[in-house]
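Chemist: Sequence:
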Amino acid sequence: VDILKQPYASFRQDQAELYKSRKQTDYKKLDTLVFKLMGGPYNSLYMDVMKNPDYLFTEKMQDNYEFSFDRTTYIDHHLIYIINFKQRPSVSIPLYYGKLYIDAESLALRSAIFHLDLTDKEKSASLLIRKKPLNAKVFLTNASYRMDYIEKDGKWYYNYSRIELDFKIDWKRKLFNSNYYTVIEMVVTDWENATEEKKLKNKLRPTVIIGDEVSGFSDPEFWGTYNVIEPEKPIESAIKKIQKQLEKRK
64 VDILKQPYAS
74 FRQDQAELYK
84 SRKQTDYKKL
94 DTLVFKLMGG
104 PYNSLYMDVM
114 KNPDYLFTEK
124 MQDNYEFSFD
134 RTTYIDHHLI
144 YIINFKQRPS
154 VSIPLYYGKL
164 YIDAESLALR
174 SAIFHLDLTD
184 KEKSASLLIR
194 KKPLNAKVFL
204 TNASYRMDYI
214 EKDGKWYYNY
224 SRIELDFKID
234 WKRKLFNSNY
244 YTVIEMVVTD
254 WENATEEKKL
264 KNKLRPTVII
274 GDEVSGFSDP
284 EFWGTYNVIE
294 PEKPIESAIK
304 KIQKQLEKRK
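Position in the sequence shown (from 1) plus 63 gives the number in my numbering.
For the record, the hints were derived by calculation from the structure and aren't laboratory data.
The reader is advised that the hints may include incorrect statements.
[To be verified] Straight-line Cα separation of at most 30 Å, DSS-like style, residue types lysine-lysine; simulated pairs:
no.: 1; residue 1: K83; residue 2: K237
no.: 2; residue 1: K114; residue 2: K237
no.: 3; residue 1: K218; residue 2: K186
no.: 4; residue 1: K114; residue 2: K162
no.: 5; residue 1: K123; residue 2: K184
no.: 6; residue 1: K218; residue 2: K68
no.: 7; residue 1: K162; residue 2: K262
no.: 8; residue 1: K184; residue 2: K149
no.: 9; residue 1: K99; residue 2: K215
no.: 10; residue 1: K68; residue 2: K114
no.: 11; residue 1: K261; residue 2: K149
no.: 12; residue 1: K149; residue 2: K262
no.: 13; residue 1: K114; residue 2: K235
no.: 14; residue 1: K231; residue 2: K194
no.: 15; residue 1: K264; residue 2: K215
[What the hints assert, rightly or not] Derived Cβ-Cβ restraints for the label pairs, each shown as a range:
no.: 16; residue 1: E227; residue 2: Q69; range: 38 to 46 Å
no.: 17; residue 1: S169; residue 2: D126; range: 22 to 30 Å
no.: 18; residue 1: E129; residue 2: E255; range: 20 to 28 Å
no.: 19; residue 1: N198; residue 2: D133; range: 39 to 47 Å
no.: 20; residue 1: Q76; residue 2: H140; range: 29 to 37 Å
no.: 21; residue 1: E214; residue 2: E185; range: 38 to 46 Å
Note that the structure is a prediction, hence the values are computed from the model and not measured.
Ideal Cβ positions, reconstructed from N, Cα and C, are used throughout, including at glycine.
Assemble the whole structure, with the sequences as input and the hints as a guide.
Modeler: As structure tokens, this is what we get:
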């Protein structure tokens with residue numbers, strides 16, 4: 064995916080364009096539910112809480128959250144402050160709880176690791192579920208997020224994000240429930256500073272469903288024998304397998 068990342072001080076939204084894609088679909092006649100994810104790479108881009116502060120850093124943040132100092136640690140020889148946050152008991156809407164990792168020298172956000180509060184099952188599900196069968200209730204059992212930033216030449220950039228979503232489907236007049244799990248990861252492999260305003264020729268819509276946009280391996284020569292990404296392995300290991308193909312673009 065090619066990302067046109069807008070400056071943090073700009074109100075212009077980030078844009079994404081599909082470079083290479085691959086998918087495998089095996090819908091069976093007995094399948095009663097097809098899981099589809101709306102937004103594609105925009106799900107990861109929206110988690111850039113420095114670009115899109117409405118997720119966490121709102122003007123009412125002090126009213127909605129309680130903060131506490133956790134401890135200090137070191138990451139890549141940098142002193143890091145760890146700040147805990149959770150929504151106040153008086154707040155009824157589902158918000159988040161987690162940790163902020165702050166670089167002690169620059170006070171820049173190094174990482175944000177947080178989860179959606181699922182105390183109110185119906186309200187939390189309504190935040191993410193756009194369409195479901197009439198004979199089913201869908202609940203979230205986990206919604207976890209991670210954002211990492213990296214320092215380069217004195218500036219901090221979006222570097223990595225991971226979203227984990229777990230759903231439970233409660234079917235009417237059925238004895239057993241169904242469970243679905245999805246992981247969305249994005250890692251930046253290269254940067255290119257734009258000296259002038261650029262436009263993506265085939266930018267994706269923020270409401271895109273990638274699984275409906277592509278079919279199979281659109282470029283078998285690009286993927287070669289590296290057509291399997293093990294879910295339990297870091298995304299960096301998959302990127303290394305196709306690094307040579309990515310470098311050919313330069």
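Chemist: Now tell me, hint by hint, if it's right for this structure.
Modeler: Verification of the hints:
{"no.": "1", "hint": "K83 to K237", "verdict": "violated (40 Å)"}
{"no.": "2", "hint": "K114 to K237", "verdict": "violated (44 Å)"}
{"no.": "3", "hint": "K218 to K186", "verdict": "violated (38 Å)"}
{"no.": "4", "hint": "K114 to K162", "verdict": "holds (18 Å)"}
{"no.": "5", "hint": "K123 to K184", "verdict": "holds (24 Å)"}
{"no.": "6", "hint": "K218 to K68", "verdict": "holds (14 Å)"}
{"no.": "7", "hint": "K162 to K262", "verdict": "violated (36 Å)"}
{"no.": "8", "hint": "K184 to K149", "verdict": "holds (17 Å)"}
{"no.": "9", "hint": "K99 to K215", "verdict": "violated (36 Å)"}
{"no.": "10", "hint": "K68 to K114", "verdict": "holds (10 Å)"}
{"no.": "11", "hint": "K261 to K149", "verdict": "violated (39 Å)"}
{"no.": "12", "hint": "K149 to K262", "verdict": "violated (39 Å)"}
{"no.": "13", "hint": "K114 to K235", "verdict": "violated (41 Å)"}
{"no.": "14", "hint": "K231 to K194", "verdict": "holds (14 Å)"}
{"no.": "15", "hint": "K264 to K215", "verdict": "holds (28 Å)"}
{"no.": "16", "hint": "E227 to Q69: 38 to 46 Å", "verdict": "violated (26 Å)"}
{"no.": "17", "hint": "S169 to D126: 22 to 30 Å", "verdict": "holds (27 Å)"}
{"no.": "18", "hint": "E129 to E255: 20 to 28 Å", "verdict": "violated (41 Å)"}
{"no.": "19", "hint": "N198 to D133: 39 to 47 Å", "verdict": "holds (45 Å)"}
{"no.": "20", "hint": "Q76 to H140: 29 to 37 Å", "verdict": "holds (35 Å)"}
{"no.": "21", "hint": "E214 to E185: 38 to 46 Å", "verdict": "holds (41 Å)"}
Going down the numbered hints, you'll see the structure goes against 1, 2, 3, 7, 9, 11, 12, 13, 16 and 18, while the others check out.
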